[in-house]
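Asks: Spelled out, the chains give:
Protein chains: 2
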Amino acid sequence: MTEQASYHMTAAEFRQHGRAVVDWIADYMEKVESLPVLSQVQPGEIRAALPAAAPKQGEAFATMLADVDRLILPGITHWQSPNFFAYFPANASGPAILGELLSAGLGVQGMLWATSPACTELETHMLDWLVAMLDLPQKFLSTTNGGGVIQDSASSAVLCALLAARERATQFATNQQGCDGRLIVYTSSQTHSSLEKAAMIAGIGRAQIRLIDVDEHLAMQPASLAAAIEQDRAQGLIPCFVVASVGTTSSNAIDPVAAIGQICQAQGVWLHVDAAMAGTAALCPELRWIHAGVDLADSYCFNPHKWMFTNFDCDCFWVADRAALIGALSILPEYLRNQATESGAVIDYRDWQIPLGRRFRALKLWFVIRHYGVEGLRHHIRQHVALAQTFAAWVQADPNFEVAAPVPLNLVCFRHRGGDALNQQLMDQLNHSGQLYLTHTRLRGKLTLRMSIGQTHTTARHVVSAWQAIQTQAETLSAAAD
Amino acid sequence: MTEQASYHMTAAEFRQHGRAVVDWIADYMEKVESLPVLSQVQPGEIRAALPAAAPKQGEAFATMLADVDRLILPGITHWQSPNFFAYFPANASGPAILGELLSAGLGVQGMLWATSPACTELETHMLDWLVAMLDLPQKFLSTTNGGGVIQDSASSAVLCALLAARERATQFATNQQGCDGRLIVYTSSQTHSSLEKAAMIAGIGRAQIRLIDVDEHLAMQPASLAAAIEQDRAQGLIPCFVVASVGTTSSNAIDPVAAIGQICQAQGVWLHVDAAMAGTAALCPELRWIHAGVDLADSYCFNPHKWMFTNFDCDCFWVADRAALIGALSILPEYLRNQATESGAVIDYRDWQIPLGRRFRALKLWFVIRHYGVEGLRHHIRQHVALAQTFAAWVQADPNFEVAAPVPLNLVCFRHRGGDALNQQLMDQLNHSGQLYLTHTRLRGKLTLRMSIGQTHTTARHVVSAWQAIQTQAETLSAAAD
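Chains as they are written, first to last, in our numbering: chain A, 1 to 482; chain B, 483 to 964.
Extracted from the complex, chain A is given alone in its bound form (with noise of 0.2 Å):
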């Protein structure tokens, strides 16, 4: 084969590749119902099909396409399928995929504000518009001392809250020093693992995470958290960090902000809030009161990549103190140097996360918004709340079924009377059925399904078929066992 002068795909056949594409992401939505939800592969299958190593010439894109059909669809997992109630949502949306593909087209590196002005100042504007969407306290505005950011992950946003907190702590001597083992942290014994995770990476240790005992609603009880405080302190430890959830991804449970807050003032420790799914529900002036007390908060985050129509990856995460945040992340090699930063008449995002790099997210956060403008949102969380509500009552009116904690929105636990063995034989043959995708907890100890409606097309004809295909395997499961 002769060398090429070029081997880029032209605009020209962009056009043509591109509608290609386009066409298959609409029949894909067409069809996903139809496909079982979750993947019946086997471990090894998917890369035994694929060739050994990579091509030396190129290949015709008509054959990779045929090939995403033949080799990795069997391998989805269909997240976007509307009978997908597994784990929590992650509701994509057509002006989200080509608020991405526009993203993607761009190509720009939003480090700096310098790289792209409008990939800094639209993701700024729309976390602005989010704080007045969702009724956040003014002091998250960017036109005040705190501001937001888009993160790739919730995990992400309390890993940079808690950097921010050490360093407001130990007035930046731990960027400086290192970590002494002084600074405790503390959250539910219910929340998300991701503060584990947090508190490993930096620096802080597992053992210096003080779990907090839960009430009868799987709930943080302040007392608890206010008596272990006090303790650390009388020990001349540092408490630095609380996180509080609106709404755990195991159970949805929704600590007491307002009373958590109110100790966290008491003695100045930085409070989270992780939103990551519940937060979208307030939207919905119904169901603002899940962010009681989310005043006293000195950061607080929700993922629109969960229950707001906007592909992953979109954490939005505001501070009261973007000092602290920056101070806590901020570097500034010469290469990085200039006269915008200089200036400090902009925000370089860079210093508000993690990695150096970041994409132009804001675009498809703004083509959602816009698509479905504040009243479209509201409408579709407001059909999700309902159906689980519909879901957690056909659940209570079972005599062989419970609800094993509160459904304040659009998650319901609960499992059948039968005992562990049963609740983990009946998800497995469903799962398997490839009909519908739950996942499960332990609450209490117990073995707990976990139904999660948020999916962008799930309507009440899949929730009905769903709890249809849970009862009749339950009564077959049941039948065999007596």
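If you are wondering where the hints come from, they were derived from the structure by calculation, not from laboratory data. Glycine included, C-beta positions come from ideal geometry on N, C-alpha and C. A hint or two may mislead.
Unchecked claim - Where chain B lies over chain A, by a calculated footprint (3+ residues, C-beta under 8 Å): (1) 37-49; (2) 114-124; (3) 310-323; (4) 407-414; (5) 438-452.
Following the hints, complete the assembly by docking chain B onto the known chain A.
Replies: Structure of chain B alone, referenced to chain A:
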């Protein structure tokens, strides 16, 4: 306005709007060369044109796309322009953009093998392909004790490597107890600031970073490294981590990895090799000398999102001992437990990275490698290197200019002999002209211009024009100074 039954974009509308965005990007590819490379807007200018609040009702997609032209484009610094010579390349391509689009359309969450087996297995497979493509050591293959993973950036890769090194050095005690101030890390005085940020994040502290002297080529001096390690050990400290650069960001200096590796092996210190931009060159057998000694590294990364036609984010990161990495980053809450994970037969990439969630980034890498083929990738890398060598020769032949550092690959550090002020003015005026975009560094105290050649569509004529513009502008400035 009456409430609609659904506010979602239908599949049919997605086809229509998707085509419009594909055409928009193709048009952008065709015109980007004619746009001013560095955005000329002032701080706040983009935001000032945006509505103060989110729309209540949804808007038409065509309006949004028109607003990208009207409101966003003036604030874009065109990284995809063939006249972009600043920082480092971030070269996207048609197949990469379409891979990203497909990934957004599938909308899978790849945190666990079980949450989409193809997402994990294609990634493992691509990273194995790349071991062969770059002739990296076999110990990085997933079929050994090692393996590769896609990170968002080289900054995150170095942080993950540091955490693995930290835990290996302390037998996982730091994850439990936190840092205690005795861990020491090493890199050259020229190396990327990402290690400084990682050491801060990891609780090790800036004071525990030893910046090792460089030689006349700005490469680390192994004897100084050995002396520093011995001195720290003699004081009861714990040397745990060395970062060697194959191509520093500042000047593309290449550290003597083989000599550094021998010291690290003798001392039992983790060696991480950062080849963020330069690593791509190893696709070409005649440039593989840059990887001499990488067989002694514990971890290695390079960024296809810099110089391998893959849009951000896509950093490829390998470790020789994946147990060390997983041990440093793994946590397992109940709600993520599943049979595949318990069986030990699969990779769960959430344990190889900072965040929990992850996109299906291997798709774009697969598309890029298959579209170009190894020969196509080599062709374009060779062209960029040749252009940089030619540019360096022009600089050397001009008595008013000098080459300021060795030019091993595609970055030329150079300066006008007229001093810092003249070079600063020269750069500012060139950038302000919009004709090209250059950035600077400081080498041995002197302001130095950086000509980074690696954008997808940069060809000889763009480099010729750039050099003409540089010479012309310099003559004007020199004349004005006389």
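Asks: Determine for every hint whether it applies to the structure shown.
Replies: Results for each hint:
Residues of the segment 37-49 of chain A lying with their CB closer than 8 Å to a CB of chain B number 8, which satisfies the three-residue condition for coverage. By the rule of at least three residues with a Cβ nearer than 8 Å to a Cβ of chain B, the coverage given for the segment 114-124 of chain A holds, with 9 such residues. Chain B is given as covering the segment 310-323 of chain A, and this holds because 3 residues of the stretch bring a CB closer than 8 Å to a CB of that chain, at least three being needed. For the segment 407-414 of chain A, the proposed coverage by chain B is not satisfied: 0 residues have a C-beta within less than 8 Å of a C-beta in that chain, short of the threshold of three.
A count of 5 residues in the segment 438-452 of chain A with a Cβ less than 8 Å from any Cβ of chain B is obtained; the coverage claim is therefore met, three being the minimum.
Going through the hint list in order, the structure does not satisfy hint 4, though it satisfies all others.
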